[in-house]
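Visitor: Listed below, chain by chain, are the residues.
2 protein chains.
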Amino acid sequence: MSELVGNLLVAQSGGPTCAINASIAGVITEAGRHECIEEIYGGLNGILGILNEDLIDINEEKRKTIEGLKYTPAAALGTCRYKIDFKKKPENAARDMNRLFEVFAAHNIRYFFYAGGNDSQDTAHKIHEEAQKRGYEMRVMGVPKTIDNDLPHTDHCPGYGSVIKYNATTVMEVAMDVGSMATDGGACCIIEVMGRSAGWIAAGTILAKRTEDDAPHIILLPEIPFDESAFLARVKEVVGRLKYCVVVVGEGLKNAAGEEIGADKTRVDAFGHPVLSGAADRLAEIVQGKLNTKTRTVKLGYAQRAAAHYASKTDIEESFATGVTAVRAASGGQSGFMATIVRTSSHPYQWTTGLRPLGDIANVEHFIPRDWISADGFLPNEKFVEYARPLVEGELNPPTEGGLPKYVGFEKVRVEKKLTPRGNGTGAAVK
Amino acid sequence: MSELVGNLLVAQSGGPTCAINASIAGVITEAGRHECIEEIYGGLNGILGILNEDLIDINEEKRKTIEGLKYTPAAALGTCRYKIDFKKKPENAARDMNRLFEVFAAHNIRYFFYAGGNDSQDTAHKIHEEAQKRGYEMRVMGVPKTIDNDLPHTDHCPGYGSVIKYNATTVMEVAMDVGSMATDGGACCIIEVMGRSAGWIAAGTILAKRTEDDAPHIILLPEIPFDESAFLARVKEVVGRLKYCVVVVGEGLKNAAGEEIGADKTRVDAFGHPVLSGAADRLAEIVQGKLNTKTRTVKLGYAQRAAAHYASKTDIEESFATGVTAVRAASGGQSGFMATIVRTSSHPYQWTTGLRPLGDIANVEHFIPRDWISADGFLPNEKFVEYARPLVEGELNPPTEGGLPKYVGFEKVRVEKKLTPRGNGTGAAVK
Numbered sequence: 004m005s006e007l008v009g010n011l012l013v014a015q016s017g018g019p020t021c022a023i024n025a026s027i028a029g030v031i032t033e034a035g036r037h038e039c040i041e042e043i044y045g046g047l048n049g050i051l052g053i054l055n056e057d058l059i060d061i062n063e064e065k066r067k068t069i070e071g072l073k074y075t076p077a078a079a080l081g082t083c084r085y086k087i088d089f090k091k092k093p094e095n096a097a098r099d100m101n102r103l104f105e106v107f108a109a110h111n112i113r114y115f116f117y118a119g120g121n122d123s124q125d126t127a128h129k130i131h132e133e134a135q136k137r138g139y140e141m142r143v144m145g146v147p148k149t150i151d152n153d154l155p156h157t158d159h160c161p162g163y164g165s166v167i168k169y170n171a172t173t174v175m176e177v178a179m180d181v182g183s184m185a186t187d188g189g190a191c192c193i194i195e196v197m198g199r200s201a202g203w204i205a206a207g208t209i210l211a212k213r214t215e216d217d218a219p220h221i222i223l224l225p226e227i228p229f230d231e232s233a234f235l236a237r238v239k240e241v242v243g244r245l246k247y248c249v250v251v252v253g254e255g256l257k258n259a260a261g262e263e264i265g266a267d268k269t270r271v272d273a274f275g276h277p278v279l280s281g282a283a284d285r286l287a288e289i290v291q292g293k294l295n296t297k298t299r300t301v302k303l304g305y306a307q308r309a310a311a312h313y314a315s316k317t318d319i320e321e322s323f324a325t326g327v328t329a330v331r332a333a334s335g336g337q338s339g340f341m342a343t344i345v346r347t348s349s350h351p352y353q354w355t356t357g358l359r360p361l362g363d364i365a366n367v368e369h370f371i372p373r374d375w376i377s378a379d380g381f382l383p384n385e386k387f388v389e390y391a392r393p394l395v396e397g398e399l400n401p402p403t404e405g406g407l408p409k410y411v412g413f414e415k416v417r418v419e420k421k422l423t424p425r426g427n428g429t430g431a432a433v434k
Numbered sequence: 004m005s006e007l008v009g010n011l012l013v014a015q016s017g018g019p020t021c022a023i024n025a026s027i028a029g030v031i032t033e034a035g036r037h038e039c040i041e042e043i044y045g046g047l048n049g050i051l052g053i054l055n056e057d058l059i060d061i062n063e064e065k066r067k068t069i070e071g072l073k074y075t076p077a078a079a080l081g082t083c084r085y086k087i088d089f090k091k092k093p094e095n096a097a098r099d100m101n102r103l104f105e106v107f108a109a110h111n112i113r114y115f116f117y118a119g120g121n122d123s124q125d126t127a128h129k130i131h132e133e134a135q136k137r138g139y140e141m142r143v144m145g146v147p148k149t150i151d152n153d154l155p156h157t158d159h160c161p162g163y164g165s166v167i168k169y170n171a172t173t174v175m176e177v178a179m180d181v182g183s184m185a186t187d188g189g190a191c192c193i194i195e196v197m198g199r200s201a202g203w204i205a206a207g208t209i210l211a212k213r214t215e216d217d218a219p220h221i222i223l224l225p226e227i228p229f230d231e232s233a234f235l236a237r238v239k240e241v242v243g244r245l246k247y248c249v250v251v252v253g254e255g256l257k258n259a260a261g262e263e264i265g266a267d268k269t270r271v272d273a274f275g276h277p278v279l280s281g282a283a284d285r286l287a288e289i290v291q292g293k294l295n296t297k298t299r300t301v302k303l304g305y306a307q308r309a310a311a312h313y314a315s316k317t318d319i320e321e322s323f324a325t326g327v328t329a330v331r332a333a334s335g336g337q338s339g340f341m342a343t344i345v346r347t348s349s350h351p352y353q354w355t356t357g358l359r360p361l362g363d364i365a366n367v368e369h370f371i372p373r374d375w376i377s378a379d380g381f382l383p384n385e386k387f388v389e390y391a392r393p394l395v396e397g398e399l400n401p402p403t404e405g406g407l408p409k410y411v412g413f414e415k416v417r418v419e420k421k422l423t424p425r426g427n428g429t430g431a432a433v434k
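Read top to bottom, the protein sequences are chains A and B. Using the working numbering, the first residue of the first sequence is number 4, and each one after it goes up by one. Using the working numbering, the first residue of the second sequence is number 4, and each one after it goes up by one.
These aren't lab readings, by the way, just hints derived from the structure by calculation. Since the model is a prediction, treat every value here as computed from it, not as a measurement. Mixed in with the good hints there might be a few duds.
If several chains are the same, the list does not tell them apart, and a pair holds so long as it fits within one copy or across any two.
Below, in silico cross-link-like pairs of lysine to aspartate or glutamate (DMTMM-like), each with a Cα-Cα straight-line distance of 20 Å or less [said to hold, decoys possible]:
{"id": "1", "residue 1": "K239", "residue 2": "D379"}
{"id": "2", "residue 1": "K297", "residue 2": "E414"}
{"id": "3", "residue 1": "K409", "residue 2": "E396"}
{"id": "4", "residue 1": "K421", "residue 2": "E263"}
{"id": "5", "residue 1": "K386", "residue 2": "D230"}
{"id": "6", "residue 1": "K136", "residue 2": "D230"}
{"id": "7", "residue 1": "K90", "residue 2": "E320"}
{"id": "8", "residue 1": "K415", "residue 2": "D187"}
{"id": "9", "residue 1": "K92", "residue 2": "E133"}
{"id": "10", "residue 1": "K246", "residue 2": "E133"}
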């Protein structure tokens, strides 16, 4: 394999996590060790910024900033939810692809790394195929990222360990609070976590449970259709026994008809406007209304995926390693792969990294195996616990300033543009 | 002052915090140094447990459990929201008071410490007065606790520093997340925090703001009547400038008529049942509906007051010290006081503890001075920041087990009951 000399471009895409910056720190750090890689550029806001030729020069950044990325949440390069969709918008997609390769050529980009989830791996795959079709020599690698943990062919996804560490900690703390207040009247608390279609995030809170009576007492997964009467019976049983019940619900919980519990169309205000709420609030109404048990809700929302102050050291190390692996593979001549995490042992936990063709990853969703969930569907079982437990190990204890975390940000020194701006014809797509 | 020899009873009351266990650790640790104090008992679930003679023997607990209380959230003794209300229920109150003194006498309780907020200090005050009236020699001390920070005559309240440290960290992290996703379409995120009447908790998130453009961009305090059009204009201005806007709202935000924004009576489902939601969801509807800006919400709920994994070391040390101070004062012959935190310097931050008569504390609510808030009411100013900044300093880094915090709990070895159970006549009050 002949050595390919040129510049590197790295970008981030999709919902941020507190580990996606560690992944690009891995890319940047490893890139500095390969002579074939000349300049290191960052694309702002993913594909969207690359289309606009909004590139920054990473070599202008301080070393301590690159180091700080390991414990800094969100996407330091900015991110986007922009899809190059050849099926629905073939004309736009073709125009976007042309533009991307204009930018690549103008800046002699020969190494392209895209960190993201399912859609982003699909984008990376399309760019890889397009480069081959055009005969434009470029190594394209996907770097995995998603708190949803729904990418196939990797033991788990960077970002997942941290989100379940924070969420399980929160469930443990909230449960202690609710439990210590519980008197004969009984109390229920419903904690809503992310996860629109796969229940990995909700399931991960099982780690808070160290003894039989510990919370969470019920975990409602989007994969298991919601059965109101079985749910109420279980809440009643737990409250009767312990005086309190802590329920975790994945935001995408659905009924048997496949409708999301939290997106109930009957919920409108006096003016007929839909009421914004969510699965936890809806469940609280049901518990209060049917069982008359005082119920409170917690909705962690973005806080869970940004909680770098309590990130998993294991997760951050693995995220960094996927970035390193992607660069080594590309430097070694490979293209069209996603770096993966490979578990080699659970006791003790040992892992390495691997590679998997992007074509195997794109648009495939990975769900919790049914036999990792109890028969009644209310809790993941010991198979899931064995899988998830090692992922939350270790703390980073990010540096603080004035008692609050001291995170880093890029200076963002722009790379001089070489192309004419995208015309009005593409303006709609940029929005 | 003659030495009073007898047993000590400590109990916790009201909503838990992640510092209220540190306060009772202070009581217990200091009590062990005073020979006049013989047995150390804990009352389970506050006054409610004492009425039921549910006492535990703290001397049966391990030393490491007492040490672990410093970083353990919730109320290790259990808590309650039980009020001895001579105004509304004079008969029940008189019966309760009789029963309490039966329990005190049966167990030779000569030192009583009650850790809690406003209502709890009121209860402690009534017990102190009742003891004097009855000629029952007992030293009664209040130990302050409330995340709401609304107790008067103490610079701030144990629990407050920790809740604003966690909340400000969360606001910082969520803002980085939202900011990194923001593209031309704009985005808004609304974070709901506790605080029904006083805005101290919401205001404390200002500490996340290190530069002019940092979040939070707007803080809505319950003290300042909500002005929808001014709010929308500000959100629009911030989104226009930064592409995103992070709003913090205290759950008790009210309109000019004094009605809570989150308790809108017009919000009913198709069956006419009230819809459970909150201030953040209501505001999100307004922003999405009127500005068409994509808006997400976070509702921290109990998670914020239980977040011991990121507690303020300063807060925990102060909380412990209030417990110590209360015991020293009681041992020295004083009764009817609450321990307070006294700030002696802001630069550098220095503090000591003090005492204040319970009669000055009970039923007085302490609000943010108006001149600590900007003229437009949307942000606390530098006076508030100077006040709040030192309170979040320092981390505890609680020990972990399997990557999650390892908190402690009491063994709860019961003290043998000496009285007949409360009859049916008092059953209603126990519920």
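Visitor: Does each hint hold? Answer for all of them.
Guide: Evaluation of the provided hints:
In the homo-oligomer, the alpha carbons of K239 and D379 lie at most 20 Å apart inside one protomer (16 Å), although the nearest pairing across protomers, at 48 Å, exceeds that limit. Taking the shortest alpha-carbon separations for K297 and E414, neither the intra-copy value of 50 Å nor the inter-copy value of 28 Å comes in at or below 20 Å. Proximity of K409 to E396 under the C-alpha cut-off of 20 Å is restricted to the inter-copy arrangement: shortest distance 13 Å between copies versus 22 Å within a copy. Taking the shortest Cα distances, K421 and E263 never come within 20 Å of each other, neither inside one copy (48 Å) nor across copies (55 Å).
In this assembly of identical chains, K386 and D230 lie within 20 Å of each other by CA distance neither inside one copy nor across copies; the values are 24 Å within and 53 Å between. In this assembly of identical chains, the alpha carbons of K136 and D230 never lie at most 20 Å apart, being 51 Å within a copy and 58 Å across copies at closest. For the homomeric pair K90 and E320, neither the shortest alpha-carbon distance inside one copy (37 Å) nor that between copies (61 Å) is at most 20 Å. With identical chains, the CA atoms of K415 and D187 are at most 20 Å apart between copies only, with a shortest distance of 18 Å across copies and 58 Å within one.
In the homo-oligomer, the alpha carbons of K92 and E133 lie at most 20 Å apart inside one protomer (17 Å), although the nearest pairing across protomers, at 79 Å, exceeds that limit. For the homomeric pair K246 and E133, neither the shortest alpha-carbon distance inside one copy (61 Å) nor that between copies (33 Å) is at most 20 Å.
Hints 2, 4, 5, 6, 7 and 10 from the earlier list are contradicted by this structure; the remaining hints agree with it.
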